[in-house]
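**Student:** Now for the letters of each chain:
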Amino acid sequence: MKILVCISHVPDTTSKINFTADKAEFDTNGVQYIINPYDEFVLAKAMHLKEELGASITVINVGTAETESSLRKAMAIGADEAIRIDATAQDGFFVAQQIAEVARTNAYDLIFAGRESIDYNGGMVPGILATLLDYNFINACIGLEIADTTATAQREIDGGSETLQAQFPLVIAGQKGLTEEKDLRIPNMRGIMMARKKPLTVKEPADLASKTGAKGFEKPQENAACKIVAADDIDGLIDLLHNEAKVI
Amino acid sequence: MSVLVFAEVSEGKFKKNALEVVSYGKKLAEELGTELTAFSINAEAPTELASYGADKIITITESALTSFDAKAIASIAAQIVQKENTKVLIVDSSANGAYLAPLIAGKIAAGYASNVVELPISTEPFVVKRKAFSNKAFQNTEINTDVKIIGLAKNTFGVFENEGKGALEDFSPELSDTGIVSVSVQQASGKISIADAEIVVSGGRGLKGPENWGLIEDLAEVLNAATACSKPVSDLGWRPHSEHVGQTGKPVASNLYIAIGVSGAIQHVAGINASKVKVVINTDPEAPFFKVADYGIVGDAFEVVPQLIQKLQDFKSQNS
Ligand SMILES: Cc1cc2nc3c(=O)[nH]c(=O)nc-3n(C[C@H](O)[C@H](O)[C@H](O)COP(=O)(O)OP(=O)(O)OC[C@H]3O[C@@H](n4cnc5c(N)ncnc54)[C@H](O)[C@@H]3O)c2cc1C
Ligand SMILES: Nc1ncnc2c1ncn2[C@@H]1O[C@H](COP(=O)(O)O)[C@@H](O)[C@H]1O
Numbered sequence: 011m012k013i014l015v016c017i018s019h020v021p022d023t024t025s026k027i028n029f030t031a032d033k034a035e036f037d038t039n040g041v042q043y044i045i046n047p048y049d050e051f052v053l054a055k056a057m058h059l060k061e062e063l064g065a066s067i068t069v070i071n072v073g074t075a076e077t078e079s080s081l082r083k084a085m086a087i088g089a090d091e092a093i094r095i096d097a098t099a100q101d102g103f104f105v106a107q108q109i110a111e112v113a114r115t116n117a118y119d120l121i122f123a124g125r126e127s128i129d130y131n132g133g134m135v136p137g138i139l140a141t142l143l144d145y146n147f148i149n150a151c152i153g154l155e156i157a158d159t160t161a162t163a164q165r166e167i168d169g170g171s172e173t174l175q176a177q178f179p180l181v182i183a184g185q186k187g188l189t190e191e192k193d194l195r196i197p198n199m200r201g202i203m204m205a206r207k208k209p210l211t212v213k214e215p216a217d218l219a220s221k222t223g224a225k226g227f228e229k230p231q232e233n234a235a236c237k238i239v240a241a242d243d244i245d246g247l248i249d250l251l252h253n254e255a256k257v258i
Numbered sequence: 003m004s005v006l007v008f009a010e011v012s013e014g015k016f017k018k019n020a021l022e023v024v025s026y027g028k029k030l031a032e033e034l035g036t037e038l039t040a041f042s043i044n045a046e047a048p049t050e051l052a053s054y055g056a057d058k059i060i061t062i063t064e065s066a067l068t069s070f071d072a073k074a075i076a077s078i079a080a081q082i083v084q085k086e087n088t089k090v091l092i093v094d095s096s097a098n099g100a101y102l103a104p105l106i107a108g109k110i111a112a113g114y115a116s117n118v119v120e121l122p123i124s125t126e127p128f129v130v131k132r133k134a135f136s137n138k139a140f141q142n143t144e145i146n147t148d149v150k151i152i153g154l155a156k157n158t159f160g161v162f163e164n165e166g167k168g169a170l171e172d173f174s175p176e177l178s179d180t181g182i183v184s185v186s187v188q189q190a191s192g193k194i195s196i197a198d199a200e201i202v203v204s205g206g207r208g209l210k211g212p213e214n215w216g217l218i219e220d221l222a223e224v225l226n227a228a229t230a231c232s233k234p235v236s237d238l239g240w241r242p243h244s245e246h247v248g249q250t251g252k253p254v255a256s257n258l259y260i261a262i263g264v265s266g267a268i269q270h271v272a273g274i275n276a277s278k279v280k281v282v283i284n285t286d287p288e289a290p291f292f293k294v295a296d297y298g299i300v301g302d303a304f305e306v307v308p309q310l311i312q313k314l315q316d317f318k319s320q321n322s
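These protein sequences, in sequence, are chains A and B. Per this note's numbering, the very first residue in the first sequence carries number 11; after that it's consecutive. Per this note's numbering, the very first residue in the second sequence carries number 3; after that it's consecutive.
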């Protein structure tokens with residue numbers, strides 16, 4: 011089985027989000043980057059499949075050189091090789107097209123991605139990628155069994171889940187549930203050493219125009235101060251929620 | 003030229019999300035000087051959409067589409083976009099909407115902006131404001147393709163009655179086998195989903211253990227609310243994963259969010275910040291949640307919540 015895992019390199023979840031003075035760009039000053047948390051779940055699932063059924067795992071990122079730390083980490087966790095497409099990720103469509111170029115020549119059985127990236131929260135790349143490759147697609151995947159070339163998967167729906175069946179090749183956008191939190195992989199020393207010797211190929215991007223573009227950022231308005239209600243004044247709270255906030 | 007919305011049904015009926023995209027679509031169509039077309043599949047009463055502004059309602063009746071087949075619906079959407087000469091397509095942000103929109107975008111090579119929170123900032127060029135950085139910021143995005151797709155964030159625009167012409171049109175799309183089979187649907191019965199709820203009651207580690215969740219459930223019951231929890235609570239197995247909200251869990255965009263024994267860590271708040279009104283109940287006045295809440299009680303959940311349940315019951319009986 012050949013597996014491709016799409017890895018997005020994003021600001022750590024505790025990062026303060028700031029923009030450059032002209033609000034045109036994200037200010038990366040002092041920001042730590044991590045593997046997108048959703049991608050950690052799908053990478054762990056890929057590792058699990060590799061151990062259980064045998065598979066080769068390639069990780070891929072569309073990004074500039076600084077994203078390589080995330081690709082190395084993914085290899086330290088157990089991916090066999092990494093590909094970086096050397097381009098600034100302009101939008102989800104662009105990223106999907108770049109990944110599709112690589113996937114077309116490699117016949118992956120399964121392509122894993124996260125449900126969304128926690129920076130731009132597009133939730134676009136996996137679905138667009140599936141369409142470009144004419145692969146089947148399962149979004150918000152929270153459970154997956156593979157038997158031969160048939161996948162039985164659960165996807166999250168509002169208020170429950172749906173069980174689906176589909177044949178390879180397949181794109182899966184995953185999240186927690188696909189792997190449990192406790193089964194996430196942390197690289198060990200041996201993995202880190204081995205990762206240094208694994209191939210990380212840098213590819214030139216295909217020449218493509220993007221379909222959307224960022225036109226500046228804004229921060230949400232600061233919240234007005236919290237009104238504190240005394241612990242013995244529950245009537246006061248109900249009154250505020252009813253008459254002032256009008257939510258009950 | 004037209005504006006098109008996909009109005010999803012659940013068991014034949016339109017959900018609030020569907021009415022919200024129709025309300026939004028109508029306003030956008032007016033701004034663009036055109037009409038609003040809606041399409042829906044196996045709807046029982048499609049004309050309902052006229053009251054929210056649909057000028058034309060394309061109905062598809064197809065037994066093969068009783069379960070949500072995103073790929074098939076993407077193909078139908080592409081057919082309608084072509085036949086209606088659609089310029090802007092709007093899809094909601096339900097689990098199904100988020101599954102569908104990128105498939106349509108890929109299929110018709112359209113620029114797609116998800117999590118859009120209001121009407122376009124400008125239509126020429128076409129710029130929309132969307133949530134980014136897990137609710138910690140907004141990004142203005144220009145869509146520069148001929149056909150544009152908007153994923154409307156939940157509960158941001160609202161549902162409005164508008165007058166639409168409501169002309170009905172049956173449409174029989176070309177369908178091909180998509181290769182994805184729905185085996186079964188497991189719906190948590192009798193419970194309101196976090197996605198649909200107007201009010202969400204959430205518990206954190208401050209509640210000490212799963213045996214105390216009766217408090218959360220009882221409060222949710224009086225308020226007709228969904229129950230949610232912080233990440234450690236689901237990681238500890240006190241509550242199911244489906245209740246985990248926050249940056250790495252489910253997003254919440256309810257009218258009212260009540261956090262009990264939740265400290266308000268940045269990752270938790272990121273996921274729930276889109277809620278309109280936030281209430282915190284916590285013993286620690288320094289808990290970060292007080293910085294983002296609208297109303298707060300510094301107090302012990304085990305004392306405050308039972309009183310709150312009682313008083314809300316009284317309030318309900320007086321007001322009904
Ligand atoms: C990569 C990453 C992603 C994450 N994603 C998420 C996410 O999506 N969602 C999420 O929730 N967390 C997430 N977290 C975890 C987050 O950082 C916090 O650890 C978590 O939100 C804390 O949960 P809590 O508030 O329930 O517990 P605690 O932080 O332990 O807070 C418990 C609170 O209860 C109060 N308390 C105690 N006793 C009482 C009482 N009797 N009555 C009232 N109050 C009481 C305390 O004062 C305290 O404020 C993530 C962390 C990381 C690193
Ligand atoms: N620049 C990128 N390179 C590789 N994969 C990406 C990139 N951006 C997004 N992805 C993948 O697509 C998923 C969804 O991202 P998004 O569509 O940006 O929300 C992520 O979880 C990744 O798996």
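Since the hints were made in silico from the structure, they are not lab data. As the structure is a prediction and not an experimental result, all values here were calculated from the model. For glycine and all other residues, C-beta sits at the position ideal for the given N, C-alpha and C. Treat each hint with caution, since some may be false.
Straight-line C-alpha distance at most 16 Å; calculated EDC-like pairs for lysine to aspartate or glutamate [said to hold, decoys possible]:
no., chain 1, residue 1, chain 2, residue 2
1, B, K109, A, D144
2, A, K256, B, E200
3, B, K313, A, D242
4, B, K193, A, D168
5, B, K15, A, D168
6, A, K192, B, E126
7, B, K18, B, E64
8, A, K225, B, E200
9, A, K225, B, D237
Derived contacts from chain B toward chain A, CB cut-off under 10 Å, selection only [said to hold, decoys possible]:
no., residue
10, K29
11, E32
12, G35
13, G113
14, A139
15, A190
16, K193
17, I196
18, H243
19, S256
20, K280
21, V294
22, V300
23, D316
**Student:** Any hints this thing doesn't respect? Which numbers, in order?
**Tutor:** 6, 7, 8, 9, 10, 11 and 12
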